[in-house]
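Trainee: Given next are the chains, with one letter for each unit.
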Amino acid sequence: MEERRLDGNAVAGMLSRVLAVDATTVVGTCAGCGAREAVGETLVYADGPGVVLRCPGCEGVVMRFAEIRGRLVADMRGMATMTF
Amino acid sequence: MADWLQAEVREVVPETPSAATLRLAVPGWRGHTAGQHLDVRLTAEDGYTAQRSYSIASAPEDGDPAITVERLDDGEVSPYLVDEAQPGDHLEVRGPVGGWFVWLASRGGPLLLVAGGSGIVPLMAMLRHRANVRSDAPARLLLSARRPRDVIYAPELPTVGAEIVHTYTREAPPGWTGYARRVDRAMLEEVAFAPAERPWVFVCGATAFVESVAEDLVALGHHASRIRTERFGATGG
Numbered sequence: 001m002e003e004r005r006l007d008g009n010a011v012a013g014m015l016s017r018v019l020a021v022d023a024t025t026v027v028g029t030c031a032g033c034g035a036r037e038a039v040g041e042t043l044v045y046a047d048g049p050g051v052v053l054r055c056p057g058c059e060g061v062v063m064r065f066a067e068i069r070g071r072l073v074a075d076m077r078g079m080a081t082m083t084f
Numbered sequence: 085m086a087d088w089l090q091a092e093v094r095e096v097v098p099e100t101p102s103a104a105t106l107r108l109a110v111p112g113w114r115g116h117t118a119g120q121h122l123d124v125r126l127t128a129e130d131g132y133t134a135q136r137s138y139s140i141a142s143a144p145e146d147g148d149p150a151i152t153v154e155r156l157d158d159g160e161v162s163p164y165l166v167d168e169a170q171p172g173d174h175l176e177v178r179g180p181v182g183g184w185f186v187w188l189a190s191r192g193g194p195l196l197l198v199a200g201g202s203g204i205v206p207l208m209a210m211l212r213h214r215a216n217v218r219s220d221a222p223a224r225l226l227l228s229a230r231r232p233r234d235v236i237y238a239p240e241l242p243t244v245g246a247e248i249v250h251t252y253t254r255e256a257p258p259g260w261t262g263y264a265r266r267v268d269r270a271m272l273e274e275v276a277f278a279p280a281e282r283p284w285v286f287v288c289g290a291t292a293f294v295e296s297v298a299e300d301l302v303a304l305g306h307h308a309s310r311i312r313t314e315r316f317g318a319t320g321g
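Those protein sequence lines, which keep their order, are chains A and B. Numbering-wise, our numbering puts 41 at position 41 of the first sequence, and it's gapless, one number per residue. Numbering-wise, our numbering puts 218 at position 134 of the second sequence, and it's gapless, one number per residue.
Isolated chain B (complex conformation) (with noise of 0.2 Å):
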């Protein structure tokens, strides 16, 4: 049984013009896995109240959570989280949920990570982890984002210890060479690891996303069963 818990907002961290890290302290947080998420409850002063699920994006070895938002504009809770919030303000946490979207470094590799935009928050706890934990499993990273100013931790991306792979869907940065389009299988074919090599693939993004990427991995031979996705939806936010 999972009570709610209060947490504490102690930094707010611009990430791209849309989206923002919130480093929580949350007493009584029991830790988590790489890939898991909690819920949010924010109260108003008339007592209504809103309730969103938000991806963890620090490691298990990071201590306390933090979250990264995107702000959706007709949404009701992502402007207040990545606009307003400040060191100080309370907010209601219940988590850490879901175990089935989740990768521990004792599990092993390949490690082939499939991101559209926001997506990519998730899978960058999971290779926090990888890097904490010095795994050698070797792990790929692809990441959908419309333009380069949209990519959530560009700056750290880098230096996590895995090969990146962009692809820009709108806008691609001056002379460049790598892919500019949405993610299709013949992409994923020369990015993915073979199937032959079993990778444990984690896709996360928009539903359409997830299921056209989910779809074109199993044509392309890699078993269903090592494949486990995510879908944001559209709604909500």
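Looking at chain A on its own, in the form it has when it is part of the complex (with noise of 0.2 Å):
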């Protein structure tokens, strides 16, 4: 389990296909614990179906991402803002 574990760094490609910013800079409000937190510092579970990003301090996930017929369907319910 722990070595599947990555970070935020490892989802910059993807979201720099959908977002105008960095997006490992953007600072989340996990809507879990409240806990703020770059993306570049959420743990990131990459070798399933989609990509899972979890809050460094409650594991809770915070977003989810997947790849459907090229397109990128994201859940975001877990983070409860997002400071750009």
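Derived from the structure by calculation, the hints contain no laboratory data. Small disclaimer: the values here were computed from a predicted structure and weren't measured. In this text, a Cβ means the ideal position worked out from N, Cα and C, and glycines have one as well. It is possible that part of the hints are untrue.
Stated by the list, open to error - One-sided and incomplete, this derived list gives chain B residues near chain A with beta-carbon spacing under 10 Å:
no., residue
1, Trp-184
2, Thr-253
3, Ala-290
What the hints assert, rightly or not - Derived CB-CB ranges, DEER-like:
no., chain 1, residue 1, chain 2, residue 2, range
4, A, Leu-72, B, Arg-254, 39 to 45 Å
5, A, Gly-70, B, Asn-216, 38 to 44 Å
6, A, Thr-81, B, Leu-304, 29 to 35 Å
7, A, Ala-80, B, Pro-222, 56 to 62 Å
8, A, Asp-75, B, Gly-259, 37 to 43 Å
9, A, Ala-31, B, Val-244, 39 to 45 Å
10, B, Gly-305, A, Gly-60, 37 to 43 Å
Stated by the list, open to error - To list a few chain A residues with every Cβ distance to chain B over 12 Å, as calculated:
no., residue
11, Cys-58
12, Arg-64
13, Asp-75
Two chains, each in its own frame: build the complex with the hints.
Mentor: Written out as structure tokens, the structure reads:
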């Protein structure tokens, strides 16, 4: 499990497709525990069918991404706010 | 919106038995910051594609990017890049990407870099940048490698103008009196700048290495907001 874990730096390329700014410096507030962390600091699991970003504080899911038929689908329910 | 760029391999430089540097020519490259990476995409004749991220090894002042790739024996991409790629080969790159794990000389120091194995690559870009712009920020690199022949950039390290501290985890050179164990809290306490000096700290390597080093640094009193980490993981390649 542990060696599967990456960090938010690993999703910078994927998110550069859809964001006008670098994703890793975006600061998010975890909807679960309220921690404020840069996306670059999140814990990332990228070896499943989708990509899951977890809060480094509480390990709750903050963002999920999946590429479906060439389109990127984002679920950001776990991120209360994002500061760009 | 970042698009894929066509890149040509200009030069392949073997670094260790399992790692090589690829100097690329990338028309349209818009420059990078030390610590960033790029994504490489290879496409087979049947249309199958494979994509990986690699840290940029070259300094921003060097122009087009160079990447250093460590071969993972069961990998899909790294064996090609390390063993088979030749000048004139084409591949696609996207980047530079990442703005979190970066250091610019204008941020000042001190700069503490902690690398496990090929985790040295983005940290070397920082040291090369620091040397190119003649930054006076004190810099120290703690480098953990299995054995001397696994040290990437070994000939260049003594010339880069930083304090370099090696530790060897499997096999040290004959007569070695330096560290010969995994990086631990006691070693970090001896090597790191004092927390009161508020160093910028960059840690890069395999996931377990990065997490244990970051945890030890926080326990030693370094502020988490000054510690930036990049995990390589153990899959893919």
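Trainee: Does the structure break any of the earlier hints, and which numbers would those be?
Mentor: 2, 7, 8, 10
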